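Taken in order, these protein sequences are the chains called A and B.
Here the working numbering is used: the first residue of the first sequence is 135, the next is one more, and so on.
Here the working numbering is used: the first residue of the second sequence is 135, the next is one more, and so on.
What the hints contain is simulated information worked out from the structure, not anything from laboratory work.
Treat identical chains as interchangeable: a pair holds within one or across any two.
In silico DSS-like links for lysine-lysine, alpha-carbon gap of 27 Å or less:
#1 Lys625 - Lys348
#2 Lys479 - Lys449
#3 Lys718 - Lys352
#4 Lys344 - Lys625
#5 Lys157 - Lys249
Predicted model only: the values in this text are computed from it and were never measured.
Protein chains: 2
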Amino acid sequence: MSEPEKSPVSAAETAGESGEQSKEEDLDLDLASIFVSDAQFNRNIFFDSSPQAVRLYILYNHWGLQVAVYFFILVDLSLALFEDPAVVLLPLWATMSVELLCILVFIARLTHYAKVIPRDKFWKDPKNLCIIAILTLTLLDMLIYGSLRALDCSGVRWSRVLRPLLLVNITEGRRLRQAFRSIRNALPQILLVFLLFIFSILIFSLMALKLFSKRGLKTTDGAPYFTNFLQIVFDLYVLVTTANSPDIMMPAYNSSSIFSIFFIVFILVNVYIFMSVFLAVVYNNYKKHLKEEVRQLVRAKRHKMARAFAVLQQKSVEGAEPVVTHDRWSRLVRRVRPDISHAHKELLWSVCDPEEKGAIGKLAFVQLADLLNIEVITLKQRPHPLQSLWPTLYLSKPSRLLCSVIQHRGFIILFDLIILVNAVFIALDEENPLISNSEWFFLALYLLEIILKLYVHEPRTFFSRHNFWNWFDTIIVVAALIATIANSALKSSSGYTSRQILDIVFILRVLRLIRVVDSINRFRAIINTLIRIGPAILTFGQLILVVYYIFAMVGMELFNGKVQFFGPESEAPERLYCGNPLLKDTAFALHNYCKNNFNQVVSSFVLLLELTMVNQWHVLSSGFSLTTHSAARLYFLLFHITVVIIIINIFVAFVLEAFFVEYSVEKSDLQNSVEKKIEELQLGVKQEKLEQNLVNSMETIDSEQEDGQKKRPALLFKIASKRYRTVDALIQRMFENDLDPEDFNENEDETNGNFSNPAFNL
Amino acid sequence: MSEPEKSPVSAAETAGESGEQSKEEDLDLDLASIFVSDAQFNRNIFFDSSPQAVRLYILYNHWGLQVAVYFFILVDLSLALFEDPAVVLLPLWATMSVELLCILVFIARLTHYAKVIPRDKFWKDPKNLCIIAILTLTLLDMLIYGSLRALDCSGVRWSRVLRPLLLVNITEGRRLRQAFRSIRNALPQILLVFLLFIFSILIFSLMALKLFSKRGLKTTDGAPYFTNFLQIVFDLYVLVTTANSPDIMMPAYNSSSIFSIFFIVFILVNVYIFMSVFLAVVYNNYKKHLKEEVRQLVRAKRHKMARAFAVLQQKSVEGAEPVVTHDRWSRLVRRVRPDISHAHKELLWSVCDPEEKGAIGKLAFVQLADLLNIEVITLKQRPHPLQSLWPTLYLSKPSRLLCSVIQHRGFIILFDLIILVNAVFIALDEENPLISNSEWFFLALYLLEIILKLYVHEPRTFFSRHNFWNWFDTIIVVAALIATIANSALKSSSGYTSRQILDIVFILRVLRLIRVVDSINRFRAIINTLIRIGPAILTFGQLILVVYYIFAMVGMELFNGKVQFFGPESEAPERLYCGNPLLKDTAFALHNYCKNNFNQVVSSFVLLLELTMVNQWHVLSSGFSLTTHSAARLYFLLFHITVVIIIINIFVAFVLEAFFVEYSVEKSDLQNSVEKKIEELQLGVKQEKLEQNLVNSMETIDSEQEDGQKKRPALLFKIASKRYRTVDALIQRMFENDLDPEDFNENEDETNGNFSNPAFNL
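Work out the full structure: start from the sequences and follow the hints.
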């Protein structure tokens with residue numbers, strides 16, 4: 135269906151005259167809104183442009199379906215809890231049928247996707263092929279495993295390793311794919327340094343072999359010291375991770391101080407130089423790659439916005455620059471973001487159309503995706519409900535005095551002091567009745583504080599989405615109140631306290647103390663930075679989950695049951711060597727590491743976390759290599775290289791980069807223009823003075839209303855410049871400064887080219 | 135002595151006519167050359183401008199005196215080896231008199247400095263006051279300690295802590311001071327994050343106390359688990375360093391898997407988030423501060439060059455721009471850098487004066503300091519000595535064939551293979567006579583390789599200063615030959631092998647294998663980067679030395695003799711608990727850490743290195759806190775915070791930054807202009823093809839000479855662009871790109887201002 139030539143008459147005027155045209159108009163808006171929201175969320179899906187496909191595509195992007203996909207992936211992943219070796223063993227038919235259900239859901243989702251995008255694009259996209267392969271292999275594995283089990287043979291559920299890869303390959307896993315891509319692109323450089331590093335370890339090992347093997351030295355547990363070349367290589371590799379320092383050096387050092395030189399040189403070269411170089415190489419490659427990705431994202435975003443413009447454009451006069459009218463623009467925005475207020479929308483329009491022409495050109499239109507991503511908070515200046523109910527009482531002198539007392543800095547300091555005193559009481563022994571009863575007193579104080587604050591502040595403002603600490607406070611205090619009451623009730627009725635409830639009470643009490651941080655401005659700044667980086671870190675959470683899951687599945691197949699844990703109460707003699715005689719008197723058993731095993735998925739994950747922490751990983755690895763084969767060390771080495779050398783370094787690189795952006799870039803140009811507009815329109819509030827202002831302006835409004843003079847607008851805006859709606863926004867801001875100068879021009883050309891030759895036809 | 139108005143006649147023409155004028159000319163050159171070399175080496179000493187002071191200042195900067203100062207500081211520092219508690223105990227009078235000698239040297243140096251710079255500047259400079267304070271306090275301490283010892287009382291040599299501070303406060307310690315300054319400037323930010331981090335640990339500790347103290351859990355060695363608040367804080371701090379992971383978690387984890395959540399959250403927040411934030415804050419502040427320092431350095435450098443120009447300037451015509459003539463310029467360069475060749479000097483001149491006017495203006499003159507810092511290697515194209523001796527033989531067909539065989543890539547690969555085979559032979563047991571004799575074979579091969587290479591390459595070129603690997607090869611092979619011969623001689627004469635000589639032989643043999651790295655181009659690139667960063671890392675070496683020395687001195691006073699080491703051969707029962715009954719059955723004694731003590735300076739340094747490696751530092755610290763007081767942990771905590779959190783992070787920041795510079799900036803503009811000039815003059819050689827080129831061009835020269843056609847110049851230049859003469863050059867290059875655009879203008883104004891109002895009068 136080819137898009138008809140737009141008539142010079144604005145669509146708004148002709149709307150309603152013909153049902154056909156209105157329907158077409160509707161389709162246009164649908165399409166444009168898809169382009170805008172694709173641009174806004176950086177979705178890069180080349181969807182089919184037929185009306186059905188567009189409707190299907192809107193459905194495909196529905197948040198409900200996306201949540202459902204993640205939910206079923208989660209279900210699929212957590213099946214590991216119930217499959218043999220299980221935390222809670224469920225019969226095979228149960229897990230199998232749940233898995234089958236998941237697979238059906240994924241197939242349905244993929245079919246949906248196939249209907250949205252053109253067929254040839256679908257089969258060219260590696261991620262679709264990956265999903266198909268994963269699902270096919272899983273079904274095959276289920277069939278084989280099911281039949282083997284039916285025949286009472288043992289089988290390996292090898293396809294479980296593939297499950298987390300679904301997270302990477304679904305449409306929504308774009309950021310995760312990006313992370314994997316950046317790792318893959320850094321690999322050649324990392325490999326180069328890694329080879330050099332291994333070469334260095336081999337050279338040092340050879341030297342150690344020649345220096346120490348003939349000296350008849352013994353380690354602390356009487357084993358010969360540095361006599362086997364492969365063992366030396368492993369020991370020195372462990373020394374690089376610092377896990378066996380200084381033990382590995384002690385026998386040589388005890389025999390002569392001179393030998394410490396060997397280890398000092400080794401440590402300097404391999405621990406300090408090479409590890410820094412690894413970080414540098416990973417960081418450098420990560421940054422380079424990210425920059426390229428962001429450049430492409432920005433290009434794709436502008437391209438999509440240009441296409442949306444092409445759909446909505448109208449020409450007032452033949453030959454003039456095409457424009458989008460205010461009416462169409464505003465219907466588009468309403469469709470893309472139904473949640474934003476009319477005032478907010480008008481604010482954005484006035485940023486786009488500063489000269490109030492009533493229509494905007496392509497350049498201004500392209501900004502829209504970014505404008506929608508700037509979080510503008512609309513603060514309705516509502517009077518306090520008490521003021522509406524009893525205005526005379528609420529506005530009386532004593533009430534006003536109370537309000538100003540509560541808003542005084544001293545009030546905050548007083549409660550900070552109370553929190554500190556509370557901390558001391560918490561630390562003291564709670565079996566003293568005076569102290570355990572003091573808890574009621576403190577709870578009452580905290581409740582009083584919240585009530586007093588609610589007396590001053592309008593409740594909906596107080597509990598608005600962005601007042602993190604108010605929410606935190608209230609939830610913690612109320613939860614603590616409920617838990618404490620439940621605990622006391624239980625105690626007085628049955629005479630004993632429930633350990634679980636008590637634990638919750640304790641945790642809530644301690645968490646309350648965190649609030650002190652918010653009172654100190656400079657701490658708040660750091661915390662805010664951390665919170666801002668938070669969502670971006672979640673990508674790394676998924677990355678770690680994928681890697682951990684794969685290693686856990688492999689580990690469970692390899693090492694299941696090799697190490698037994700007998701529980702802290704057990705008196706069985708086997709508990710001293712983790713139920714495996716091979717572990718008798720080994721460091722693994724002596725350190726009481728029996729619970730660090732691969733017998734179920736939870737303990738596997740904890741074990742992998744311990745391996746990530748590096749310390750004692752050689753002891754853990756020795757436990758499993760002793761009970762299986764010394765080649766088992768390869769598994770642990772591989773884990774170390776993958777997670778510690780690569781992923782943790784990328785994580786550090788990311789945090790470093792995010793911090794630098796936070797410190798150097800203050801606000802983007804676009805944010806500044808929105809903020810300037812807010813200021814121009816005298817609609818702004820300063821973040822710090824927000825709470826005081828609310829009350830003050832409330833009072834001013836009253837007095838002004840009394841004077842009958844100019845009315846203040848009833849709406850206030852502020853930019854939540856310190857929060858990012860999407861992770862991409864943060865990443866894009868990272869390189870915005872580098873990108874903008876040359877890239878804007880380049881993109882302009884491209885989008886212009888795209889505009890003059892619209893490849894997209896409705 | 136005020137500078138007389140320069141006559142428009144060039145000084146060179148009038149030189150020699152009057153002794154007075156020539157002497158004055160000489161003084162001018164002295165002064166200008168001081169400014170230039172100050173600018174070149176970034177010395178910022180405001181010296182007096184009287185002729186005597188200038189002569190004294192030249193003497194002050196003499197390399198001999200500088201080396202002497204470092205030598206005496208080294209002597210002073212190494213006195214710790216001979217003072218009680220000593221490695222080799224010398225009588226008190228001996229160490230005291232050496233120390234007195236050192237102090238006298240430092241006083242002499244300081245007096246010299248006082249004579250060079252104006253009196254008021256001297257007393258305003260904190261580093262001079264620091265040195266005076268250090269020396270006074272040291273003398274006082276020596277007096278007190280000497281008298282106490284004479285009275286047979288025990289005393290504390292507290293002034294030893296001050297010794298390393300001399301390294302920081304001497305004039306030459308500029309870079310070290312800069313490093314300390316950048317640490318000091320980063321401190322407020324670090325402190326803020328550190329307080330938040332400590333707060334987080336306290337909150338988690340409180341939670342741990344409430345959760346675990348009443349559960350009656352026991353650690354592996356039967357101690358109650360998490361019952362004492364301070365102990366919990368310490369344990370959790372140690373967990374942040376990962377040193378007691380996973381042991382500290384095991385009792386809680388064994389009792390219930392749920393508790394692992396507590397530790398996982400703790401680790402995520404404190405280990406991964408906070409430690410990355412520390413690195414980010416340290417890095418960010420370090421970079422910011424360094425940028426500012428470099429900006430000032432560049433400004434000071436240009437200022438000094440402008441002053442040098444003011445001294446040498448001449449006006450050809452009244453009212454014209456002042457210039458410096460080629461003659462004066464070249465005498466100046468000869469004075470500043472007597473070692474560079476005439477050709478090199480002319481090359482630099484042609485870069486400054488591309489239009490061959492015979493005189494340069496201020497802008498071109500100011501470049502000189504940077505030009506002198508660019509290392510241009512002059513390669514004299516000498517014919518091979520054998521060619522001069524037996525030209526017919528050397529240029530005969532078989533000889534030429536031999537040369538081309540040796541230069542063939544296969545020759546290098548062949549010897550790489552030989553090295554690999556050699557590595558296998560080294561790894562095998564050397565008691566097998568076949569294998570021990572194979573060593574002679576390999577040695578002969580390596581010697582043959584060197585001789586063959588010398589046959590092809592001109593010896594002085596082969597052993598030029600920049601051919602690191604040729605030097606490395608030859609030294610290693612010759613040393614191995616000597617050591618192997620010595621060993622065999624000893625064996626055949628006395629019948630046993632000396633362990634020491636054998637060790638050296640082994641080390642040399644293994645070191646030989648390193649050469650393989652050089653054959654692989656991509657490895658060579660990494661190695662070159664590391665070598666380039668090398669000198670800059672030395673500043674950190676000094677920094678670490680200062681911090682280590684101070685901690686070692688304090689540690690020796692606090693913990694001397696608390697832990698005894700009995701030697702590996704000892705059978706004394708005390709060796710099982712390090713001679714201190716308090717250590718019986720502690721982890722410290724069980725791990726056999728007795729030699730990790732503060733009983734002398736060498737073992738203290740090794741212990742501090744182990745603490746820097748972090749692993750097991752809690753065991754080491756517990757050893758010393760058990761034998762003294764639990765407050766001793768503060769010493770170890772302080773060391774961890776100072777060295778691991780601050781200094782190691784700065785080190786990582788430095789390596790990261792240096793790597794990024796290496797990867798991003800290829801060459802500076804100035805280097806490019808020199809290189810372009812070299813190319814223009816057809817004097818260049820490409821680095822990679824250097825060796826082949828030398829021989830090829832040698833042959834070409836011959837053939838050309840035979841043909842009697844145009845002669846090639848006998849000199850070749852290349853820029854050692856991959857090496858930096860000074861650490862500052864590297865640091866400046868780090869921020870050059872950021873600095874140049876705005877800063878050049880600013881400096882131009884400043885230097886112009888300085889020029890029009892010359893504050894400097896001879």
